[in-house]
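Based on the sequences and whatever the hints tell you, model everything.
Respectively, the protein sequence lines represent chains A and B. Here the first sequence stands for residues 0 to 366, where the numbers follow numbering that gives the first Met the number 0. Here the second sequence stands for residues 0 to 366, where the numbers follow numbering that gives the first Met the number 0.
It is possible that part of the hints are untrue.
It does not matter which identical chain is used: a pair holds within one copy or between any two.
[Said to hold, decoys possible] Calculated lysine-lysine pairs in the DSSO-like style (CA-CA distance at most 30 Å, straight line):
no., residue 1, residue 2
1, 140, 341
2, 364, 285
3, 247, 182
4, 258, 352
5, 341, 151
6, 195, 182
7, 341, 302
8, 173, 195
9, 285, 247
10, 352, 173
11, 304, 195
12, 338, 101
13, 204, 285
14, 101, 86
15, 364, 258
16, 285, 302
17, 195, 285
18, 247, 140
19, 364, 182
20, 151, 101
21, 204, 182
22, 151, 352
Calculated directly from the structure, the hints in this document are not laboratory data.
There are 2 protein chains.
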Amino acid sequence: MNLTRRELTRLMGAGALLSKLPLSAQAQANQSQGQKLRYCIVGLGRISMQHFMPGVRQSEHSQITALVSGHRQKAEKMAAEYNVPLKNIYTYDNYDGIAGNKDIDAVYIALPNSMHAEYTIRAAKAGKHVLSEKPMATTVKDSQAMIDACRKAGKKLMIAYRCQYEPTNLRAIKWIRDGRIGKVQAIESSNGFNIKPGEWRLNRKLAGGGPLMDVGIYSLNACRFLTGEEPARVEGYSSVIDHDGRFKEVEENLSWTMKFPSGILASCNTTYGANMDGYYRMHGSKGTLHLEPAFSYEGLRFKAKIQGEHAVDEPTNDPEPRQFTREADYFAECVRTNKEPKTDGEEGLRDMKWMAAIYQSAGLKEG
Amino acid sequence: MNLTRRELTRLMGAGALLSKLPLSAQAQANQSQGQKLRYCIVGLGRISMQHFMPGVRQSEHSQITALVSGHRQKAEKMAAEYNVPLKNIYTYDNYDGIAGNKDIDAVYIALPNSMHAEYTIRAAKAGKHVLSEKPMATTVKDSQAMIDACRKAGKKLMIAYRCQYEPTNLRAIKWIRDGRIGKVQAIESSNGFNIKPGEWRLNRKLAGGGPLMDVGIYSLNACRFLTGEEPARVEGYSSVIDHDGRFKEVEENLSWTMKFPSGILASCNTTYGANMDGYYRMHGSKGTLHLEPAFSYEGLRFKAKIQGEHAVDEPTNDPEPRQFTREADYFAECVRTNKEPKTDGEEGLRDMKWMAAIYQSAGLKEG
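And the structure:
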């Protein structure tokens, strides 16, 4: 192992020397500290390059050992940065070759939504575990096919619901389960952003839907994990306000209501026409919990007003990209201990089914 | 006019000497400064005694000259406090006698909801203008009858929608009309409280409905005045979670969604099972407006996050009971200048129709 002084300084500066070691050295390190989950990154977009990969770099239980990209130059640049050997760079054409690559335990799928199913199924057939970004697919049918393929291959499938591994959200769940806010009556949540023209998210074939699929899913998933219930009924409305060419294929706004079996009512909004600070607010008989931001990569804030107690308003010190580290490491633990992930394919499928029902109610179609 | 030193000190301390003068002296004062609207207070409950009457006491254009109550002792106590002559104390039985009382220009109706219609119609027949609390009635039919009676009598009818005369809400409307937040896409609003057993609000015959009628109406009305539009579609869900005897007759929770013709989507929650800080949040293409509290008697807060501008977070200095002073004086101005109130019977009726539609959609009934 030869590092120039400059390289060493840069690596030390990143505070993550271990994961930057060449593979052979890493393999030795792994043996001495237990097995790391070795990820092949499928799709070098923003979430991979700016969030997930830096998250894995900080990790003790995960590492990046392969890449899949259609852009050779970008792939080589990232390979150099993460010490991935050139032989472990794949294209979408030779992707199935990962089957024979002993450096890869799992794939992380960060492609446009409509490609999740295909690349999950191909990974399962290649004998690799799968961590897929949300939404898990663009249709219920594709989602089921992903579950079936991973089950058949005996491989784990996890959907990347960051918030279910994030401390502020976990604290909210705990407070609710502990009865700190009393009986929950109602929830409001919204999440959205003002989208730029030309994003693949505006292409129905790639995205499968609009803001509900992309960011509204955070509110939907949160209402489900906060209540611990599945909706008894959902109802949705959608609209397009900005006739500027962006919303020819997907909705701009979607508003939906859910009634849970306990009687809890949830009202949610999502949009591609306005920057919303994703949040949720739960109203209980003893007080209110309010997370804002609730879904961001960092800087989450926990607010509580409980009857007879001091108000709580606390920021979360969990700087980017730690949420991705937690997510990657949780999946590593699931694989190592043969544990079914909390946010497995079935969990992803439930959201897909609710989104399809919301779309149907709003007069739109899934997929 | 004879005042003891102690009485004078108390009156001066209240900062409202004028309205505490005996009627004859007030009448002279009125002549010198223009006409005051002389209110007969119908119903001595919390909103009258703790809010509206103190609001009128601070007013320059309104005064209290008569009272209607079933509790003689309470009426005499309030009469003494507001210098109302004993002859101007009425019961619900001899209420129609206000017809011949030249000290009364208008009535302020603060009775349980189901009595608003009867006492409005009797007031109109007695030749008095009417300021009625919200909701204007418990049914669309009663509301229409109130409008008809006042129209026939040539008297003004105003519904006491405080927020439409309150500076923070007016500022929100202005920002939206001026395009400060861009094109509005979505609104969230909630309002509610954890109700005590035994309140008349839990009696369907008196209240006509649950939290939607009582406090959800603030969110409904706000969505309408903020957008300046009438919903194209509404949808509601209701539930009872607390089976503790409070909710045998009215709903505990109600959640509803509205789609406006422009495409704006609104999600609202109301409850009698949790203390909500009534608020609304509007998401526009350029930024977000957030009022919280938005509907309280004082301490309202205006927050805005506009793209490229400094965040705004400003409390409103408009201490209780000034909102009631504004409301009373606005109605006085309408009577004096023969102007139709902004929140007239038709405005109240629109909310009644939407609430009936929300109830119907939720499988409940109005009234």
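Results for each hint:
{"no.": "1", "hint": "140 - 341", "result": "within (21 Å within a copy, 54 Å between copies)"}
{"no.": "2", "hint": "364 - 285", "result": "between (40 Å within a copy, 29 Å between copies)"}
{"no.": "3", "hint": "247 - 182", "result": "between (43 Å within a copy, 18 Å between copies)"}
{"no.": "4", "hint": "258 - 352", "result": "both (15 Å within a copy, 24 Å between copies)"}
{"no.": "5", "hint": "341 - 151", "result": "within (19 Å within a copy, 67 Å between copies)"}
{"no.": "6", "hint": "195 - 182", "result": "between (41 Å within a copy, 15 Å between copies)"}
{"no.": "7", "hint": "341 - 302", "result": "within (26 Å within a copy, 38 Å between copies)"}
{"no.": "8", "hint": "173 - 195", "result": "between (37 Å within a copy, 28 Å between copies)"}
{"no.": "9", "hint": "285 - 247", "result": "between (45 Å within a copy, 21 Å between copies)"}
{"no.": "10", "hint": "352 - 173", "result": "within (26 Å within a copy, 41 Å between copies)"}
{"no.": "11", "hint": "304 - 195", "result": "between (37 Å within a copy, 19 Å between copies)"}
{"no.": "12", "hint": "338 - 101", "result": "within (22 Å within a copy, 83 Å between copies)"}
{"no.": "13", "hint": "204 - 285", "result": "between (46 Å within a copy, 28 Å between copies)"}
{"no.": "14", "hint": "101 - 86", "result": "within (12 Å within a copy, 99 Å between copies)"}
{"no.": "15", "hint": "364 - 258", "result": "both (21 Å within a copy, 19 Å between copies)"}
{"no.": "16", "hint": "285 - 302", "result": "both (14 Å within a copy, 26 Å between copies)"}
{"no.": "17", "hint": "195 - 285", "result": "between (42 Å within a copy, 13 Å between copies)"}
{"no.": "18", "hint": "247 - 140", "result": "within (24 Å within a copy, 43 Å between copies)"}
{"no.": "19", "hint": "364 - 182", "result": "between (35 Å within a copy, 26 Å between copies)"}
{"no.": "20", "hint": "151 - 101", "result": "within (20 Å within a copy, 89 Å between copies)"}
{"no.": "21", "hint": "204 - 182", "result": "between (42 Å within a copy, 27 Å between copies)"}
{"no.": "22", "hint": "151 - 352", "result": "within (22 Å within a copy, 56 Å between copies)"}
Every hint from the earlier list agrees with this structure, and none is contradicted.
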